[in-house]
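Dock chains P and X against chain D, hints included.
Chains D, P and X, in that order, are what the protein sequence lines are.
Position 177, counted from 1, in the first sequence is what my numbering calls 177; the numbers after and before it change by one each time, with no gaps.
Position 237, counted from 1, in the second sequence is what my numbering calls 237; the numbers after and before it change by one each time, with no gaps.
Position 186, counted from 1, in the third sequence is what my numbering calls 186; the numbers after and before it change by one each time, with no gaps.
What the hints contain is simulated information worked out from the structure, not anything from laboratory work.
Hints may be right or wrong, so weigh each one.
[Claimed, not checked] Only some residues are given here: those of chain X computed to face chain P with a beta carbon under 8 Å:
(1) Ile180
(2) Gly183
(3) Ala186
(4) Asp189
(5) Asn190
(6) Glu192
(7) Ala193
(8) Ala194
(9) Glu195
(10) Cys196
(11) Met197
[Stated by the list, open to error] Cross-link-like lysine to any residue pairs, in silico, SDA-like; alpha carbons within 20 Å at most:
(12) X:Lys203 x P:Gln76
(13) P:Lys133 x P:Glu145
(14) X:Lys203 x P:Ala54
(15) X:Lys203 x D:Ala271
All values derive from a computational prediction rather than experimental measurement.
Glycine included, each C-beta is placed from N, C-alpha and C at the ideal position.
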Amino acid sequence: MVAGLLLGGFYAAVSLGVALIFGLLDIANIAQPAFVILGSYAAYVMNTSFGLDPILSGLLFTPVFYVLGAVVYRVYYESFERRGEESLRGLVFFFGLLFIMEVSLSLAFGVDYRLVQSWYMSRSIDLGGVGIAFRYLVPCVVGLAMTLALHLFLGRTFYGRAIMAVSQDRLALRLMGANPVQIKTIAFGVGIAAASLAGALLISIAPVIPSTDRDYIGRMFAITVLGGMGSIGGALVAAIVLGVAESLMSTFFGPSWSLAVSFGILLMALAVRPAGLFGR
Amino acid sequence: MAGALLEVQGLVKRFGGFTALNRVSLSVKPGERFGLIGPNGSGKTTLINCVSGALPVDGGAIRFDGREITGLPPHQRTRLGIVRSFQIPKPFTSMTVLENLGIPLEYAAAGRAGAPGSADAGEILRSIGLDAKAHLRPAGLTQIEMRKLELARAMAARPKLLISDEAMAGLSSTEVDDILAILFRLSAQGITIIMIEHIMRAVMRFSERVAVLDAGKKIADGSPQEVVANPDVQRAYLGE
Amino acid sequence: MRRTSVTVLVGLAVVLAGIALAMLRVNAYLYFAGYVILQYVVMATAWNILGGYAGYVNFGTPAFFAMGAYTAVVLIQWMRAPLPVLILAGGLVAALLGLGIGYLTLRLRGTFFSIATLALSVVLQTVVMNWDYVGGSRGMSVIRPSGPPFGSYVTFLFTVMVGLAVGSVLVAQFIERSWIGRGLAALRDNEEAAECMGVPTLKLKLFATTVSGFLLGVAGAPFPYYVTFVEPNSAFALDYAVNALAMPMIGGTTSWAGPVIGAVLLGTASQLATVTISSEMNLFIVGVVLVAFVVLAPEGILGLVRRLRGR
Chain D
1 MVAGLLLGGF
11 YAAVSLGVAL
21 IFGLLDIANI
31 AQPAFVILGS
41 YAAYVMNTSF
51 GLDPILSGLL
61 FTPVFYVLGA
71 VVYRVYYESF
81 ERRGEESLRG
91 LVFFFGLLFI
101 MEVSLSLAFG
111 VDYRLVQSWY
121 MSRSIDLGGV
131 GIAFRYLVPC
141 VVGLAMTLAL
151 HLFLGRTFYG
161 RAIMAVSQDR
171 LALRLMGANP
181 VQIKTIAFGV
191 GIAAASLAGA
201 LLISIAPVIP
211 STDRDYIGRM
221 FAITVLGGMG
231 SIGGALVAAI
241 VLGVAESLMS
251 TFFGPSWSLA
261 VSFGILLMAL
271 AVRPAGLFGR
Chain P
1 MAGALLEVQG
11 LVKRFGGFTA
21 LNRVSLSVKP
31 GERFGLIGPN
41 GSGKTTLINC
51 VSGALPVDGG
61 AIRFDGREIT
71 GLPPHQRTRL
81 GIVRSFQIPK
91 PFTSMTVLEN
101 LGIPLEYAAA
111 GRAGAPGSAD
121 AGEILRSIGL
131 DAKAHLRPAG
141 LTQIEMRKLE
151 LARAMAARPK
161 LLISDEAMAG
171 LSSTEVDDIL
181 AILFRLSAQG
191 ITIIMIEHIM
201 RAVMRFSERV
211 AVLDAGKKIA
221 DGSPQEVVAN
231 PDVQRAYLGE
Chain X
1 MRRTSVTVLV
11 GLAVVLAGIA
21 LAMLRVNAYL
31 YFAGYVILQY
41 VVMATAWNIL
51 GGYAGYVNFG
61 TPAFFAMGAY
71 TAVVLIQWMR
81 APLPVLILAG
91 GLVAALLGLG
101 IGYLTLRLRG
111 TFFSIATLAL
121 SVVLQTVVMN
131 WDYVGGSRGM
141 SVIRPSGPPF
151 GSYVTFLFTV
161 MVGLAVGSVL
171 VAQFIERSWI
181 GRGLAALRDN
191 EEAAECMGVP
201 TLKLKLFATT
211 VSGFLLGVAG
221 APFPYYVTFV
231 EPNSAFALDY
241 AVNALAMPMI
251 GGTTSWAGPV
261 IGAVLLGTAS
271 QLATVTISSE
281 MNLFIVGVVL
291 VAFVVLAPEG
301 ILGLVRRLRG
311 R
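Extracted from the complex, chain D is given alone in its bound form (with noise of 0.2 Å):
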């Protein structure tokens, strides 16, 4: 159960750049899987050459990140969204771009497992009676200040509320002086920056190979629907009770059938409500 909670917090911050890019801008994004995998990688690369804690390298690439999602989205919007044939088109393409990029990590780093090390993974807490890995709980702690963070952003400062803005009403965005592609540009490059430091979190409880990215395209997506397209809080409620079931799940059947939990919560939340709980 507390595994669950925890695993929750985890699947929060693995979500947060699905939550941003389909839920409020409506992208069908189903690359960010693979983002979060390359974000791993960039950890474990820094983590076994360097030494770096994989959550530092996490934010550490951040930048970088940013910069290549605010490309990725260019090429988009020049190549689909200007024409208005975001559909078939631009799903497939960001569908090429999660193939591209799970390959060429095969063909750099081959299909062996490949974990980090840092001071703190071996480490557990005693909390109330119930032991607590580190390696469980930091990744949680961190994702749920990430999601406070992507709560504030959106919510206090200019580029946040342009981006809430954009979501609901383009023309209203123009009015308010702000360039939609632009805010679009930024969300964006902010969706893929959160996931350089999902994927080193990602890293940090379990170790990942190249198809590991498949693993959490229903997760990402699951989430998202549940919460309500584009409400932050709700994904966060939503990845808790996705960590929960499965969690759950685990303990009754076996841990094979994890996957099987965030597939038949996908398809429930499609068949209520597409807007998930709390959205609009």
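Structure of chains P and X alone, referenced to chain D:
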């Protein structure tokens, strides 16, 4: 109302916390030329979307030709004879003009041979002035030609009730007359027409009866002259 | 009607040519490679019925393919069913899967359908890995039946695949030229307008998903006999997801010819690349080519040809 072709009773539509239609009722007689006006955001297009089935309603009922249609999907309503054109034209971009008409002819009009309207696509295009462009893709049409295509496509569906959603917006004076003439011709064939427009002279000339929506409520319903003289209507358009 | 009979005759001729080729006993590798390319013709054509004609993107082709393959495995284990039964059953199970996913998600935007199909493969692979009757994650050995009607078993399967390829192209052609195809094109161009013009969009979408699923399952059913050892990683291979998508997109999505062109070109190139460079590098190249086409030449080769002809 007895003998009404379209009857809308107490229609309610909400989007989250915002009530777009607040218990709107109106009825349209067969063969009538009916105008629907109101300031921007008053709910006209929402009403049309509910009548055509594109949006589900949150309350109230819609009857067409005596039959309750509130739960029917849009394509079935079209087959019954309710046809709408779109404010921003939505042509089938990969098909020629002629093929665009082929779709409603094949799907909506089939099996309703007795309904008023032209017999085939070529005739419709001729009557509307688009026959020269029959084999072009919509990308090669001008603004007014696109609007005409919207109407032609609606005609090909052999409507009993045609809802024209701002077909004249942004057109020049002569172009407006052009579209108006088409609508008059359709009315003469027995098709009931609901016209949503902002261009007052068109609405006044065309309509036998006019209903006015403001902020989701119907505030007037009567002959064009009555409606124009109504102080509530004047206030809605000019503001307090 | 004349057009249809001509097409069927051409199809039959192709099948006969296939049989003749099988009898020739040319280099064995050609039959292996040929089988794969023909399998992709079926898969690309199947994908295109939903993706190209209706505009709904299916990222989960491995799931449907594997459904066909594993249905065959179950039937082989249970009752040694003959190949035609395997093919039919594989197709039907995959068709049901398509119908199910479609029913759950097609009322919503196409994006949600695509996301669901993306997650589907992973989940189904998990299910299969946990199912010992079909070998679980270790895989299962499958023994080919004795005595194929002619040639060796591989050349026989090659011919069967020729037949399946011709069959699937005929199905695609039939749909494309019929009222169903016109309705699908309308809903692809503008779903809201199509619905308002009397097109029953939901029913047509479900039809396309079911037929597409059926053909994908059909492509997968002979797979156990082809590889003789079935394990989840190869049945659910990512290759299928990318290729079934890239081939129609490269060839052109608006007609039956596009997937065929794409399958033959990309399939042959892939086989060459795999043999000369490496299978992973080949996948990488496929990915890059896919993105390049989507960004630069979205109408595929057919579209480029059309533009060159000045239409």
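These are the hints, each one checked on the structure:
Of the supplied interface hints, the one on X:Ile180 is violated, with its beta-carbon coming no nearer than about 11 Å to a beta-carbon of chain P, more than 8 Å. Below 8 Å, beta-carbon pairs count as interface contacts, and X:Gly183 has one with chain P at about 6 Å; its hint therefore holds. The closest approach between the C-beta of X:Ala186 and any C-beta of chain P is roughly 5 Å, which is under the 8 Å cut-off, so the hint is satisfied. Given hint, X:Asp189 at the interface with chain P, holds; its Cβ is 4 Å from that chain's nearest Cβ, closer than 8 Å.
With a least beta-carbon distance of about 5 Å to chain P, the hint placing X:Asn190 at the interface is held under the 8 Å criterion. A hinted interface residue such as X:Glu192 counts as satisfied when its beta carbon comes closer than 8 Å to some beta carbon of chain P; here the least separation is about 6 Å, so the hint holds. Hint status for X:Ala193 relative to chain P: holds, with the closest Cβ pair at about 4 Å, below 8 Å. Look at X:Ala194: its Cβ gets to within about 7 Å of chain P, closer than 8 Å, so that hint holds up.
Interface hint status for X:Glu195: upheld, as the beta-carbon distance to the closest one in chain P is roughly 5 Å, under 8 Å. Hint status for X:Cys196 relative to chain P: holds, with the closest Cβ pair at about 5 Å, below 8 Å. Given the 8 Å rule on beta carbons, the hint for X:Met197 holds: about 4 Å separates it from the nearest Cβ of chain P. Taking the CA atoms of X:Lys203 and P:Gln76, the gap is about 12 Å. The hint holds against a cut of 20 Å.
Among the hinted pairs, P:Lys133 with P:Glu145 is consistent with the structure: their alpha-carbon atoms are about 9 Å apart, no more than 20 Å. Proposed proximity of X:Lys203 and P:Ala54 is supported: the alpha carbons are some 16 Å apart, at most 20 Å. Of the supplied pair hints, the one linking X:Lys203 and D:Ala271 holds, its CA atoms being roughly 17 Å apart against a limit of 20 Å.
The structure does not agree with numbered hint 1 stated previously, though it agrees with all others.
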